[in-house]
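With the hints as your guide, set chain B onto chain A.
Residue numbers (the working numbering), protein chains in the order written: chain A, 1 to 120; chain B, 1 to 140.
To be clear, the hints were calculated from the coordinates, so they are not data collected in a lab.
Be a bit skeptical, because a hint or two may be false.
What the hints assert, rightly or not - Calculated cross-link-like contacts (lysine to any residue; reagent style SDA-like; alpha-carbon spacing at most 20 Å):
| no. | chain 1 | residue 1 | chain 2 | residue 2 |
| --- | --- | --- | --- | --- |
| 1 | A | Lys71 | B | Gly112 |
| 2 | A | Lys71 | B | Gly111 |
| 3 | A | Lys71 | B | Arg132 |
| 4 | A | Lys71 | B | Pro115 |
| 5 | A | Lys71 | B | Asp120 |
| 6 | A | Lys71 | B | Gly114 |
| 7 | A | Lys71 | B | Ser134 |
| 8 | A | Lys71 | B | Ala139 |
| 9 | A | Lys71 | B | Arg89 |
| 10 | A | Lys71 | B | Ala113 |
| 11 | A | Lys71 | B | Ala140 |
| 12 | A | Lys71 | B | Gln92 |
| 13 | A | Lys71 | A | Val112 |
| 14 | A | Lys71 | B | Tyr138 |
| 15 | A | Lys71 | B | Leu82 |
| 16 | A | Lys71 | B | Leu118 |
| 17 | A | Lys71 | B | Ala110 |
| 18 | A | Lys71 | A | Arg85 |
Everything numeric in this text was worked out from a predicted model, so none of it was measured.
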Amino acid sequence: MTGPAFRLLESRATDEGWTCRVQALDPNPTCEGHFPGEPIVPGVAQLGLAQDLIREVTGDAHRLTAIRSLKLRRLIRPGEALDVRLGRPAADGALRFEMSCDGERVSQGAFVVAPPAARG
Amino acid sequence: MAEAFPSVEALLPHRGPALLIEAVDALSADGITCWGLVPPGSPFAADGWAPSFLGLEMGAQAAALFEALRREHQANDAAPRLGYLVGIRHAQLAADLPVGRRLRVSARPAGGAGPLGLYDVSVEEDGVEFARGSLSTYAA
Numbered sequence: 001m002t003g004p005a006f007r008l009l010e011s012r013a014t015d016e017g018w019t020c021r022v023q024a025l026d027p028n029p030t031c032e033g034h035f036p037g038e039p040i041v042p043g044v045a046q047l048g049l050a051q052d053l054i055r056e057v058t059g060d061a062h063r064l065t066a067i068r069s070l071k072l073r074r075l076i077r078p079g080e081a082l083d084v085r086l087g088r089p090a091a092d093g094a095l096r097f098e099m100s101c102d103g104e105r106v107s108q109g110a111f112v113v114a115p116p117a118a119r120g
Numbered sequence: 001m002a003e004a005f006p007s008v009e010a011l012l013p014h015r016g017p018a019l020l021i022e023a024v025d026a027l028s029a030d031g032i033t034c035w036g037l038v039p040p041g042s043p044f045a046a047d048g049w050a051p052s053f054l055g056l057e058m059g060a061q062a063a064a065l066f067e068a069l070r071r072e073h074q075a076n077d078a079a080p081r082l083g084y085l086v087g088i089r090h091a092q093l094a095a096d097l098p099v100g101r102r103l104r105v106s107a108r109p110a111g112g113a114g115p116l117g118l119y120d121v122s123v124e125e126d127g128v129e130f131a132r133g134s135l136s137t138y139a140a
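Next comes chain B alone, as it looks inside the complex:
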């Protein structure tokens, strides 16, 4: 039986067209996989597509979910916190994202300390990769 996770809205401060993750799919110490989706109302969407780099924001939101669920596990505190993207490295932007389609978003912790996190993220659909990169995040 699949593990039940809190709603994304209970874990992230993003709302409306800024929220790019629908649900958490799986969580382990090695990382998180989520279902992401570019909503048709996204300001980045045009003619059914959104730029590949928006996949990095999806990855950042997946990383924030990983941190929220880790806080819940460690301190029973999963309340949404503001977090910021502070760095991107080695990102490959392969293809624009289809709007309104469920995409698989992964974030794997790769270091960091305190409020700073380092994650390797990717966005794909049926094995076709749209974007990947290493993100540095800061949790306020």
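Next up, chain A with everything else stripped away, as it sits in the complex:
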């Protein structure tokens, strides 16, 4: 499970965390209406991807609780294959996230994850 916008092709554990290969779905449900005639995967879909990837590789139901920073440098279009580097969460839940496409930086972020919170 990698959010509504992506599918996981492969993942590999490294000393620092994980490297994953994902593909933006095509057709892509997050592009319906975003935008008509100009389908672009919404930037927040990368947050869903990060949350679901960390759940996938750790087996724990982590939840994103904070975004310290996220720079979105390049648009993602349906069908594109992307490389993700995900850092291992620190004791305080902080982890690094990087995404690239054919070596070009797509995004770079510093997030915080925690176990699921009660819903209000």
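Showing chain B alone in chain A's frame:
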């Protein structure tokens, strides 16, 4: 009497399940407040809830509405323009969003120049906050 605003569809290019704002509630030089809603057909919705981070997209759409209404005021040009989220900082994701409920979405300009905008946004319901953060946007 409440101020009348153009329909959201006349100001934003988003459509269908990607459109997360129903209406503008209030506008001033300090910012905008809107009524937002996660539609049941949202690809992010599951079991009646959507992830908190979708509130940041709501905030980005509120910021785009602020810019469209400012263009209308300054140049009588409120036509929808593509805009992109290019950065997020200091975001707190407190709780998942209830699908189909009206939420209060605020965006306050905090800087920027030219096509780049910086906004502090928040999403709440009856004083309970779901998400907040600082967004950088780029208007094409």
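Q: With a cut-off of 20 Å on the C-alpha distance, tell me whether Lys71/A and Gly112/B pass.
A: This hinted pair holds, its Cα atoms lying about 16 Å apart.
**Q.** Lys71/A paired with Arg89/B [C-alpha distance capped at 20 Å]
**A.** 9 Å, holds
Q | Lys71/A paired with Gly111/B [C-alpha distance capped at 20 Å] | A | 17 Å, holds
(Q) Lys71/A and Tyr138/B were given as a pair; does the straight-line alpha-carbon distance stay at or below 20 Å? (A) Roughly 12 Å separates the two Cα atoms, so the pair holds.
Q) Is the hinted pair Lys71/A and Arg85/A satisfied, with a Cα-Cα distance of at most 20 Å? A) 15 Å, holds
Q | Given hint Leu82/B paired with Lys71/A - CA-CA distance at most 20 Å | A | Given pair Lys71/A, Leu82/B holds - Cα atoms ~18 Å apart, limit 20 Å.
Q. Can the restraint linking Lys71/A and Ala110/B be considered satisfied, given a maximum Cα separation of 20 Å?
A. 17 Å, holds
Q: Verify the proposed pairing of Lys71/A with Ala140/B, using a straight-line Cα cut of 20 Å.
A: Within the cut-off at roughly 17 Å; holds.
Q) Is Lys71/A close enough to Pro115/B, meaning Cα to Cα at most 20 Å? A) 16 Å, holds
(Q) Against the 20 Å threshold, does the CA-CA distance of Lys71/A and Val112/A hold or violate the hint? (A) 15 Å, holds
**Q.** Holds or violated: Lys71/A to Asp120/B, with C-alpha atoms at most 20 Å apart
**A.** 16 Å, holds
Q: Quickly compare the C-alpha distance for Lys71/A and Ala113/B to 20 Å and report which way the hint goes.
A: Between Lys71/A and Ala113/B the Cα gap is close to 18 Å, so the pair holds against 20 Å.
Taken one by one, the earlier hints all hold for this structure without exception.
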